[in-house]
Amino acid sequence: MRSQLEGSLAVAKAVALCRPEVISAYPISPQTHIVEALSDLVRTGELAPCEYLMVESEFAAMSAAIGASATGARAYTATASQGLLYMAEALYNASGLGLPIVMTVANRAIGAPINIWNDHSDAMSQRDSGWIQLYAESNQEAVDLHIQAFRLAEELSVPVMVCMDGFVLTHAIEPVELPTQEQVDAFLPTFDPRQVLDPDDPVTIGAMVGPEAFAEVKYLMHAKQMQALDLIPEISGAFSQAFGRTSGGLVHAYRSADAETIVVALGSVLGTIEEVVDELRTEGVRIGAVGVTCFRPYPLDEIRAALQGAKRVVVLEKAFAVGLGGIVGQNVRLALSGLPVQVYDTVAGLGGRPITRRTLRTLVTDVLEERLEPDRLAFLDLDWKLVERELQRLSDNRRSGPHAENILRDVGTVAASAHGGPR
Amino acid sequence: MFQVRIHGRGGQGVVTAAELLSVAAFLEGKHSQAFPMFGSERTGAPVVAFCRFSDQPIRLREPIVEPDALIVQDPTLLHQVDLFAGVGHETYILINTSRSLEALGIGEFLATLQPERVLAVPATELAREHVGRPLPNAALLGAFAALTGAISIDSVTAAIRDRFSGRIADANVTAAEAAHELAAARGDQVPVHA
Amino acid sequence: MSAEKLKLYQVGTFAVGNRLLDPDQRTVQARTERSNTLTSGHRACRGCGEALGARYALDAAMRATEGRLIAANATGCLEVFSTPYPESSWQLPWLHSLFGNAPAVASGIAAALKVKGRTDIRVIGQGGDGGTLDIGFACLSGMFERNDDVLYVCYDNEAYMNTGVQRSSATPPAARTANTKPVGDDPGNVFGQGKSAPLIAMAHEIPYVATATVADLHDLEHKIERAMEFRGARYVHILVPCPLGWGSESSVTITLARLAQETGLFPVFEAEGGDVVAVSKIRRRVPVDEYLRPQRRFAHLFGDPPRTDVILQLQKIADRNIDRFGLLEDS
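Protein chains in written order, with the numbering used here: chain Y, 524 to 946; chain L, 15 to 208; chain H, -3 to 327.
Hints are computed from structural coordinates only; laboratory data are not their basis.
Possibly wrong hints are sitting among the right ones.
[As the list claims (entries may be wrong)] Sample of chain Y residues facing chain L (criterion: CB under 7 angstroms; computed from the structure):
# : residue
1 : H694
2 : E798
3 : P877
4 : S918
Given the structure is predicted, the values throughout are model-derived calculations rather than measurements.
All C-beta atoms, glycine included, are put in the ideal place defined by N, C-alpha and C.
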């Protein structure tokens, strides 16, 4: 049924339709509405049978999910940013043990400085944790990806995180088609665990593994993610058959087949990018976009195939590798190695700074007019004056003070100090 | 596409206003999108919310920089926040106040706009009267419908009933209809579709 | 006729494996049908108090639950010596996740069993003092506060033994550990306020809290079985001497546990709903040095000159416990 509702609520309803048996969740902005809505659904009995554990931290949330999943229950949790980091140890534990937990990550920046708004630094920090990572472009896709995620996770016994941009998607009210319980039941069978704690058939799970066997166990994690590269399109296809719309898969290509310039991105910014692509196309620019829906495992072949015809590729990402450059950019370059495609790494939207059509148009113009250096990460919309002023402070004073406060003073958010204004 | 930007303070129902507007548009068979821009929860801080609606699916996700309509729920923001950023000659402006726009100190600026597209509505007073709480959002949406004609009052009230129930829904509907009447009654105004 | 002198060893009224007792008075360990939940072949040190305590506790729990039990184990000595790849000495469904999350994992298991309508299967969470009192403390408190249906057992050997004997919040004052060496003016661990997990558990007002030692098998088994009569969060704290970490002979593990109780340094008691309901009285009160001397972790207190001032401080702690819990027969 098509409804106009908040992204968080849509996702909560979608998760509920998947019949999770144990939900453990700790609230963190901007995921709160998801876990609150699920709590309501459990309390009213709309989602039953389901045990909802109000845990004391994200570390406990993932730990409880591990215990529940190992006991054969379909387990779900959600988090963002600092919470994802707090459960980092448990993330690796879940993937190492092969437990098919599904988790929503409402993408949010990681502090310091503390910031509650959207970027991809949280999920990107855990890209090698062994979890499958899917990125939703819209709230519709977020709904659909959760349904596909449970099936994917359980078929492979690999945990899956569904990423959706915090606030931008979670708090956006837009039309979403929610399936019926019958449709979801037909698509998602009951959880049949590969391993389960059962007194009638006791097993030891989580034993230490020494040098004799560790590599093999780890390799299997990798092998299963490689299998996901085949399974994800399969599931997306089955979803399309069952629900009548295209969702998920490895990559989304938009007008890229004959494009000379292709913008690559993840998540909700693709909507704005597609608008700009359409505008530029009417102006005669041969431009397209490729959205990466599945970032881990990394669909190297599919990305290569989608981008190889272009002259230039502009990667627009919402996180970066400090001291190095782009993250998605590196991965894209890997996919294009050996090909004469110029790759530009750009980062924007950090800490929730909006990525506008103007930003994108300026970027494309700069690229086409060769004003962007291809070997350096370009920070879009950065206020260089603020940066330079702060760098000057650093070189002028040993006790230069906290960067954040200094810069905010310059921006004007904090009133000048009583001792004579900003230093 | 019709783009509305709503300004107010935390706790005044700005986000709900945008949501209701988007639901109203949805009920009319339009595509719509609403989203807020705010900091961590706290009442009193400036809040902005956006609503876009269109006959085409909306993919855009940037803040509304050039609004077709601006709703100001709290006039104390007038000299604190750059409320009128991006406002053009065609923009509708709806301000919640029982004072005159001149008394608010923006008479000069508003004189540069089309007078039939600018309206002051005592939405807080209407809300207090009909809802018993100073939450002006429903009233403002009723006035918005009359001022712009972009959404019908019936869709607004349907959206209110979709979101609220019982006495609260009734009260908010009454407030919206009262504001709508007030706005429509202003003689020289001619609702223009986006 | 010549007479041969026979030594009569009186080790206690209800000795382990005492076949002279009525069958229903025998301990679980004395029964042939005991589960051997932690079966032989594990790699614990000789004289390991934790291996003993875990065997006692789990066999009692298995009897109480008729074998329907799942265990979540924290990282630590028990986890490491019981599962040396590729072997496992566990004969029950057993999950080891991380160091700091055993109580939360146990909560998750209990939730899964509840949702599946299998509340006939019970859950035990277990770990050492490190995983329970320090790194796992937040999860422990959360589990208590939610009153999840989990029995949590802490095997307390008073330091992070598995990583080389570093101090924990359970390390007694003045004890030597790898990072509280007897150097400087205040030798060994600091004299802080201590951190009583049983009292903290009681402050959460959970249904059942108890302490026990490996010296009194009947008492330990009784406490585990009693705990299993309750639903909700339960906590049992067992003192398990560690020959390696404590610097004691492997043959005196049980003796030391008994001495800890008899000095008053380790009060043995039971609490229900936040109130103490029973204590194990000290039948033969012992001054603390009798307990301290056999442990090299306290050897620096008996040097030349001896640190009688420190021993006196430790005696005061024992005295306070005796007072506070009413541990003497005539009190």
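Cross-check of the supplied hints:
Interface restraint check: Y/H694 against chain L, minimum CB-CB distance 6 angstroms, threshold 7 angstroms, status holds. Checking Y/E798 against chain L: minimum C-beta separation of about 5 angstroms stays under 7 angstroms; hint holds. Hint on Y/P877 holds. Least Cβ distance to chain L is approximately 5 angstroms, under the 7 angstroms limit. For Y/S918, the interface hint is violated, since its Cβ never comes within 7 angstroms of a Cβ in chain L; the closest pair sits about 33 angstroms apart.
Going through the hint list in order, the structure does not satisfy hint 4, though it satisfies all others.
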